[in-house]
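Participant: Those sequence lines, one after another, are chains B and U.
Under our numbering, the first residue of the first sequence is numbered 24, with each subsequent residue one higher.
Under our numbering, the first residue of the second sequence is numbered 3, with each subsequent residue one higher.
Treat the hints as calculated values from the structure; they're not laboratory data.
Glycine is no exception: its CB is placed at the ideal position from the N, C-alpha and C atoms.
Take these hints with a grain of salt, some might be off.
Below 25 Å or equal to it, Euclidean Cα-Cα: the simulated DSS-like pairs (lysine-lysine) are [to be verified]:
(1) U/Lys-362 with B/Lys-56
(2) U/Lys-362 with U/Lys-321
(3) U/Lys-321 with U/Lys-157
(4) B/Lys-184 with B/Lys-152
(5) B/Lys-90 with U/Lys-321
(6) U/Lys-61 with U/Lys-47
(7) B/Lys-56 with U/Lys-61
(8) B/Lys-56 with B/Lys-90
(9) U/Lys-403 with U/Lys-321
Under 10 Å between C-beta atoms, here's a sample of chain U residues computed to sit facing chain B [as the list claims (entries may be wrong)]:
(10) Val-25
(11) Thr-142
(12) Thr-155
(13) Pro-163
(14) Thr-247
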Amino acid sequence: MQSIIRGLAYVVGDAIDTDQIIPAEHLVYSLQKPDERRMYGRYAMSGVPIDQQGLPDGHIPFTDPDKYHSDYTFVIGGANFGCGSSREHAPFALTEAGAQVVIAESYARIFYRNTIDGGFVIPFESHEKINDQIRTRDELELDTQIGQLTNHRTGQEYLLKPLGDVADILNAGNVFEYARQNGLISSS
Amino acid sequence: MTITEKVIANHCGRDRVVPGESVWVDVDILMTHDVCGPPTIDIFKREFGQDAKVWDPDKLVILPDHYIFTQNHHANRNVQLLRAFAQEHDLPHYYDVGSPRYKGVCHMALAEEGFNRPGSLLIGTDSHTCTSGAFGMFSTGVGNTDAALIMGTGKIWLRVPETMRFIFEGALPPYLMAKDLILAVIGDIGCDGATYRAMEFDGESVYSLSMQERMTLTNMAIEAGGKNGIIAPDETTIEYVHARTDHGFECIYSDDDSRYHSEYRYDVSTLEPVVAKPHRPDNRASVLEVAGTRLDRAYVGSCTGGKLEDFEAAAQIIKGQEVVIDTYIVPATTEISESLRTEHIDGTSLWDIFANAGCKMGQASCAACLGGPPDTFGRMQGDEVVISTTNRNFPGRMGSKQASVFLASPLTVAASALSGLITDPREVLV
Chain B
24 MQSIIRGLAY VVGDAIDTDQ IIPAEHLVYS LQKPDERRMY GRYAMSGVPI
74 DQQGLPDGHI PFTDPDKYHS DYTFVIGGAN FGCGSSREHA PFALTEAGAQ
124 VVIAESYARI FYRNTIDGGF VIPFESHEKI NDQIRTRDEL ELDTQIGQLT
174 NHRTGQEYLL KPLGDVADIL NAGNVFEYAR QNGLISSS
Chain U
3 MTITEKVIAN HCGRDRVVPG ESVWVDVDIL MTHDVCGPPT IDIFKREFGQ
53 DAKVWDPDKL VILPDHYIFT QNHHANRNVQ LLRAFAQEHD LPHYYDVGSP
103 RYKGVCHMAL AEEGFNRPGS LLIGTDSHTC TSGAFGMFST GVGNTDAALI
153 MGTGKIWLRV PETMRFIFEG ALPPYLMAKD LILAVIGDIG CDGATYRAME
203 FDGESVYSLS MQERMTLTNM AIEAGGKNGI IAPDETTIEY VHARTDHGFE
253 CIYSDDDSRY HSEYRYDVST LEPVVAKPHR PDNRASVLEV AGTRLDRAYV
303 GSCTGGKLED FEAAAQIIKG QEVVIDTYIV PATTEISESL RTEHIDGTSL
353 WDIFANAGCK MGQASCAACL GGPPDTFGRM QGDEVVISTT NRNFPGRMGS
403 KQASVFLASP LTVAASALSG LITDPREVLV
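Given the sequences, and given the hints that come with them, work out the whole structure.
Facilitator: What follows is the structure, given as structure tokens:
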């Protein structure tokens with residue numbers, strides 16, 4: 024896990040479900056073939072209603088039309104981020120677009136588990152609601168080791184909740200590496 | 003211990019587990035489908051090698067069901083990938099599209115084909131895998147990575163959940179269905195009210211329900227964030243399972259001194275027909291509060307609301323009449339589809355009741371429940387207002403971000419299809 028992550032914020036509201044993160048019609052693409060997997064970057068967060076895309080103003084696409092990569096490193100959400108379907112395509116899409124971190128008040132458990140076991144975006148939890156204090160395009164800096172987030176526009180600092188046990192899987196890279204390191208599956 | 007704790011303990015070789023601890027468990031059945039199967043297979047081959055063997059072919063069930071009746075070539079390609087994998091590994095439980103074995107919606111197919119067995123542990127690459135918990139077993143949804151690890155090892159790590167208990171008492175009035183009960187629960191506790199927890203459904207009203215109706219309760223546990231939904235087995239369960247499989251099973255019950263996170267009690271005789279308004283499953287209102295809302299479509303289908311009893315309930319209201327809005331009938335499985343032709347009300351088959359009423363009849367699959375490719379049967383294309391027996395109404399869920407979805411019971415959906423307005427089933431039930 025990279026210790027310092029810097030980049031721009033993309034802010035959304037509460038209960039961002041996996042259909043908003045990646046609409047179901049796009050799930051037909053391969054997650055492996057390069058010419059298909061990039062479509063997940065193009066359509067990441069495209070299911071969020073237009074006026075809720077990039078708060079507080081809205082109408083800001085996560086990935087610009089006809090692009091495959093997003094400008095945003097951080098996705099800032101509210102409560103119950105990632106609720107809905109079990110599709111691993113959701114955290115995959117955020118990663119494929121170039122995001123590295125999601126910070127939300129709380130997560131739906133399958134999305135949270137997928138981010139960690141698959142080694143996609145790092146899912147931090149905030150102690151309080153922060154998606155009303157951070158604006159889309161704010162420059163953020165995160166120290167992943169101590170969980171400290173700094174908003175360079177406002178100077179505001181936030182101490183995020185510790186990652187806990189799952190940090191071991193994040194540090195290993197994904198659940199397979201974790202399982203190999205712990206002798207749960209053969210390392211050959 | 004609760005049933006959930008006991009099943010997990012039994013699958014990690016322990017006498018006892020406590021909520022909060024993480025354990026590696028042995029999986030009895032892994033289920034996947036056409037959306038998550040191909041990427042799961044990619045990860046399985048990446049991690050275990052191109053020639054790796056599935057840990058136990060008899061425990062892997064592959065049920066293509068999501069994007070079946072579409073011209074989308076990527077979707078069709080994904081079914082071909084499943085077919086090739088099933089052949090390569092000589093998988094006995096692959097239900098191929100276009101073959102007599104084709105089933106349709108995976109969660110109903112698991113029940114019909116005898117893979118839901120009390121006391122067992124089933125993992126699927128679909129969030130509604132919690133449906134199987136109606137059989138007194140542990141079941142939950144996971145992503146591709148976890149499924150690939152199971153495919154290679156038969157194991158998964160689980161955090162033992164705390165259990166919330168929902169007790170329903172009293173006789174269920176004829177205008178209510180399990181859908182009304184679970185929408186009431188989700189409305190009370192919210193879309194994240196059960197996050198990380200087991201939801202155990204109990205009480206005489208639950209045990210008076212058929213297996214199909216019980217599956218409506220457990221199916222929507224995920225809509226409250228639940229890790230699993232579970233109902234203790236009884237004679238109804240045992241009879242259903244014996245009719246579907248010769249495989250052995252073990253009935254497990256919660257101890258009297260089980261510790262619950264919380265307990266909720268409902269007197270079902272006092273509940274009313276309800277809907278979940280757009281755009282969240284916890285946005286509950288009584289049907290009376292929203293009665294008269296203009297509708298463009300009605301939809302009866304999915305793992306939640308596309309079972310034979312859902313169609314029996316709808317047909318009971320629609321028979322002899324005509325729907326006034328586009329009304330889609332999508333049986334969950336091919337078995338249910340066949341039953342629509344063999345089950346009759348007053349001498350008319352359910353199929354004919356719907357067809358004569360002007361409904362649009364679909365083929366067994368997930369269809370428009372989750373939108374899908376643009377040519378999916380019944381998919382929303384614009385700003386339609388729809389009332390549906392499905393399980394989710396987040397923005398864009400049924401295909402169009404501009405559409406508005408009301409979730410309701412098959413009785414309420416059928417009553418509304420006849421008027422084009424949201425209608426309380428008590429107005430039309432005789």
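Participant: Compare the structure with each hint and give your call.
Facilitator: Outcome of the hint check:
1. U/Lys-362 with B/Lys-56: The hint is violated at about 37 Å.
2. U/Lys-362 with U/Lys-321: 15 Å, holds
3. U/Lys-321 with U/Lys-157: 49 Å, violated
4. B/Lys-184 with B/Lys-152: 13 Å, holds
5. B/Lys-90 with U/Lys-321: The hint is violated at about 52 Å.
6. U/Lys-61 with U/Lys-47: Cα-Cα ~18 Å, so holds.
7. B/Lys-56 with U/Lys-61: 29 Å, violated
8. B/Lys-56 with B/Lys-90: Roughly 17 Å between the alpha carbons, so the hint for B/Lys-56 and B/Lys-90 holds.
9. U/Lys-403 with U/Lys-321: 33 Å, violated
10. Val-25: Violated: closest Cβ of chain B sits about 12 Å from U/Val-25, beyond 10 Å.
11. Thr-142: 8 Å, holds
12. Thr-155: 6 Å, holds
13. Pro-163: 9 Å, holds
14. Thr-247: 25 Å, violated
The structure is inconsistent with the numbered hints 1, 3, 5, 7, 9, 10, 14, although it conforms to all the rest.
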